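For chain A, the structure is supplied; the task is to place chains B and C on it using the hints.
Those sequence lines, one after another, are chains A, B and C. Under our numbering, read the first sequence as residues 1 to 151, first letter to last. Under our numbering, read the second sequence as residues 1 to 386, first letter to last. Under our numbering, read the third sequence as residues 1 to 380, first letter to last.
Since the hints were derived computationally from the structure, they do not count as laboratory data. Quick caveat, the model's predicted, so the values are computed rather than measured. Glycine included, C-beta positions come from ideal geometry on N, C-alpha and C. Treat the hints loosely; a few may be bogus.
No farther apart than 30 Å at their CA atoms in a straight line, the calculated lysine-lysine pairs in the DSS-like style are these [said to hold, decoys possible]:
| # | chain 1 | residue 1 | chain 2 | residue 2 |
| --- | --- | --- | --- | --- |
| 1 | A | LYS52 | C | LYS247 |
| 2 | A | LYS41 | A | LYS119 |
| 3 | A | LYS52 | C | LYS380 |
| 4 | B | LYS4 | C | LYS380 |
From the structure, some residues in chain A lie toward chain B, with a derived Cβ separation under 7 Å [stated by the list, open to error]:
| # | residue |
| --- | --- |
| 5 | PRO10 |
| 6 | THR12 |
| 7 | ILE19 |
| 8 | TYR21 |
| 9 | THR22 |
| 10 | TRP23 |
| 11 | LYS59 |
| 12 | GLY136 |
Coverage of chain B stretches by chain A, computed from C-beta distances (three or more under 8 Å per stretch; other residues unrestricted) [unchecked claim]:
| # | stretch |
| --- | --- |
| 13 | 66-76 |
| 14 | 241-249 |
| 15 | 325-333 |
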Amino acid sequence: MSDWLKDVEPLTLKGQIAIPYTWHAGDVGSRFLTALRDEKKILGSKCPECGKVFVPARKNCGACFVDISEWVELKPEGVIEAYTIVHYSHPIQPVKPPFAYALIKLDGADVGFLHLIKKDLDKLKNGLRVKAEFSGERTGKILDIDSFELV
Amino acid sequence: MGRKVAVVGTGQTYHRSHRPDVTSREMIREAVTSALADADLKIKDIDAVVIGNMDHFESINYVDTYSIEGSGAFMKPIMKVSTGGTTGATVAIAAYYHVASGLFDRVLAVGFEKNSESDTTGAIITCSDPIWDRFSYSGAIPSLATEATAYMEQYGATQEDAALVGERDRNHALNNPYAHLQRPLTVKDIMASPMLAYPIKLGDICPRSDGACAMILAADGIAQKTASRPAWFKAVSVRHTYTWFGDSTDYNKGLVSMQQASQEAYARAGIRSPVDELDVAELYLPYTWAGLKWIEDLGLCGRGEAARFVGDKNTHMGGKLPINPSGGVISTNCIGATAMLRVAEAAIQVMGKGGKRQVPEVKNALATGFGGCFWTDVVILSSERP
Amino acid sequence: MDKAAIVGVAQTRYERRKKDQIFADMVFDVTRAALDDAGLTINDIDSVVTCSNDFYDGRTISGMAVGDAAGGMDKNISTVSGDGTFGAFYGLMRVLSGYKATIVVAHYKGSEGDVKITTNGMFDPIFHRFLGIEAISAAALQANAYMNLYGLTEEQFAEVSVKNHGNALNNPYAQLAMKITVADVMNSKKIADPLKLFDCCPISDGAAAIIIADEEIAARSKKKPVWIKGVAHCCESYLLGDRDLAKPVALSEAARKAYAMAGIKNPLREIDVAEILEAFSYMEPLWLEGLGFCKPGEGATLIGKGVTGMGGKLPVNPSGGALSANPILVAGLARLIEATLQVRGEAGARQVDKVNTALAQGFNGPCGQSHCVWIIGGKK
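Isolated chain A, as found in the complex (with noise of 0.2 Å):
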């Protein structure tokens, strides 16, 4: 029944599915952003009931479930909560490897902050002070910070 399967050649269709896309920062991510292109400023917000700090800013508080309205000027500057070095390449990556992943708790933050590192990888270590270091063409988005390096 199924011996004529033996004789076939799989073949194979390939293809790539490309949607243009263009999602809505939102009223308060769009001051995040601004925040970075104009003023070279991290922004958070606090939650009015627990006093937790965001970053970035959010429009509420996930875990009370509360508007946030509060907004809270950050030190573009903080501590590596937690680091890793990349050493594959994919177009995805907007830098060459090797380069870093890191959660930052920023000064004045509640939360840990993800970013890159491009530079001093093979100093990196949990718990070292690192500042923000701004692109010099910015236009509004996360890359505004083009990475943290160590201070």
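What follows is chains B and C alone, placed relative to chain A:
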């Protein structure tokens, strides 16, 4: 057969073509807080969350884990159900099983879509099989157009007959502050609108919207303490029959999934004569011909009789069986929410919260979901506890 | 709970690339095999849940590709977009609501997509997507946070890889069965520190199916019914920085609820075998902590002492786990299936002695943001 379940609250956003002021999860939160307020509950009262959308419209993988800040599911169980256009209904149905199973007492169901963030047709095309169907059937409109042509040929219905469905729904939307399109459209306007794929013209087809809908379901014993007039689930039926578009084109049979799902639902609800025993229907009609053809499949009138049934104003507000007092899909279409809005609007009618769009004295309400490869979901809600 | 049981299971062999099968082929194979295993026919099934993901399949309404292959025609069929453990949970709820038998089928083909693109898609489009982060680099961050908090070593994680790939030698379905050493792991290619090639799951193709039935069908099923004692899931915050990646709080909460339902007070003593989703080596000790098998920080010690080896007090992943085969979504269902085989005594060369109660776990989202825990047992 499981616990009895009722809808005790609903919420939705004011649907728009674009919502640049919010991200998807911020938009979800609007519907959730609205539903909580409607049920007079707090997020801590919710035991589980079910959420759904169609991934490719926002390009967010795992919207359940993405949504937490907005869906209120922080440190709660959340699962994602996704079944194309039927999603909103299958999410509500999954929430129903969460409660009926006895494992959860109060469950939040959320459907949403930010259709403005992508190319809708580009995303929908990917529902077609990449080897066989994707290069020919471009999006949602052609499959519906072939169905419409066949129907017109079979029963002599005209484009004007179908256009009346659009005029009706768009007029109904004027009573619904949440509806996206709030301008009336006449049969004349529809007939004059540009042809997209014969016989479907721009005025015949649904828009795409940014919006979210949330519903709170509660168990027997708790529902009665939460809402003054809970909307009880009398029947739930799902038929996602086909996989290939070519298999769904025996137009002599009609929309098989709708026939089967509705017959099963009527039997479960003890409804023998739907047109007499149903007081209102919120139907997923993505285009005007559906409002003729599919009401025959629902058994609301005989084969070929829909044009006259609708033409005689039986389905307009004030008629024998008003259809889509909310304005329906032709007035609002945030795809992942759209089918849930049908269930939510049916619940709103049963609960007596319809305001200007309220149909008087609703006992039994019918809601349908449609999508995928000519799939159907049917939900019957009632003020009467089953 | 004891009102529903697993009565049929089936898996495909997991491979890097199943080039002669499309999704529907794999799904049909496991659907038929699960029915045979249960001694049922498709007419005995009155509800179907498929598990698939539109990103991974490159197809919106991904469930549409497999509906008829899963026996969904003329039935109540829906799709859970998430790990098989969650899909099975929906299947269970349908049975508890009155359906007699629900089949749950999951499928995935890593060979047909680009997992870095598709898992990059999990991340927030505004704040994280364009950093290029995806599942592997996120996991590496979690591994780093975990190591740093408790002073753990890469060698300790490597022991998981050695154990699991070795266990896979006894599993005819596994993709990567190999006898390796800690040195082999330590010398394998660096991926994202501290993860090396052998710390990471492979890319896999496969499908799996499970049939959950009510007491009446369970009573007349061909094989010994495996009773569902407790099951729960829970999800924590989304943005990675909002979480303490070294503390799996969602898993702990899910486990707490599942244990309560199953009446389990001392998991290490009362669970006989565990199949958990360790997509990366460090996840095994981390999840063991979340599951309450040991105190926080002591997962690696438990493994190092041999407690989780085949001869230990609590064998973990006798199947070889996700390190040996990780068809995403299917992998969680495979854990539940392997746990079922253990309870039935049908696990062949990978059978653990005297299994009465087993645990299975799966997760969704980056770094295990949302977990589902199952407790199953042989006695009602």
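>> The hint names GLY136 of chain A as touching chain B; please verify it with the least Cβ-Cβ distance against 7 Å.
In response: violated, 28 Å
>> A closest beta-carbon separation below 7 Å is what the hint needs, so does TYR21 of chain A meet it against chain B?
In response: At 5 Å from the nearest chain B Cβ, TYR21 of chain A passes the 7 Å test, so the hint holds.
> Do three or more residues from the stretch 66-76 of chain B put their C-beta atoms closer than 8 Å to C-beta atoms of chain A?
Replying inline: holds (count 6)
> Once the shortest beta carbon distance from LYS59 of chain A to chain B is found, is it less than 7 Å?
Replying inline: holds, 5 Å
> How about the stretch 241-249 of chain B: do at least three of its residues have a C-beta closer than 8 Å to a C-beta of chain A?
Replying inline: violated (count 0)
>> Less than 7 Å between beta-carbons is the criterion; does THR22 of chain A satisfy it with respect to chain B?
In response: With a minimum Cβ separation of about 6 Å from chain B (threshold 7 Å), the hint on THR22 of chain A holds.
>> Under 7 Å is the threshold here; is the Cβ of ILE19 of chain A close enough to any Cβ of chain B for the hint to stand?
In response: The hint holds - ILE19 of chain A has a Cβ within 7 Å of chain B, the shortest such distance being about 4 Å.
> Are TRP23 of chain A and chain B close enough, Cβ to Cβ, to be under 7 Å, as the hint says?
Replying inline: Since the shortest Cβ distance to chain B is 6 Å, the answer is holds.
>> Would the hint linking LYS41 of chain A and LYS119 of chain A be met if the CA-CA limit is 30 Å?
In response: holds, 22 Å
> Can the hint on PRO10 of chain A be confirmed by a CB-to-CB distance to chain B that is less than 7 Å?
Replying inline: violated, 12 Å
> Taken at face value, is the distance from the CA of LYS380 of chain C to the CA of LYS4 of chain B at most 30 Å?
Replying inline: Holds - the C-alpha atoms of LYS380 of chain C and LYS4 of chain B are around 26 Å apart, at most 30 Å.
> If you look at each residue in the stretch 325-333 of chain B, do at least three have a Cβ nearer than 8 Å to any Cβ of chain A?
Replying inline: violated (count 0)
When the structure is compared with the earlier hints, violations turn up for hints 3, 5, 6, 12, 14 and 15 and for no others.
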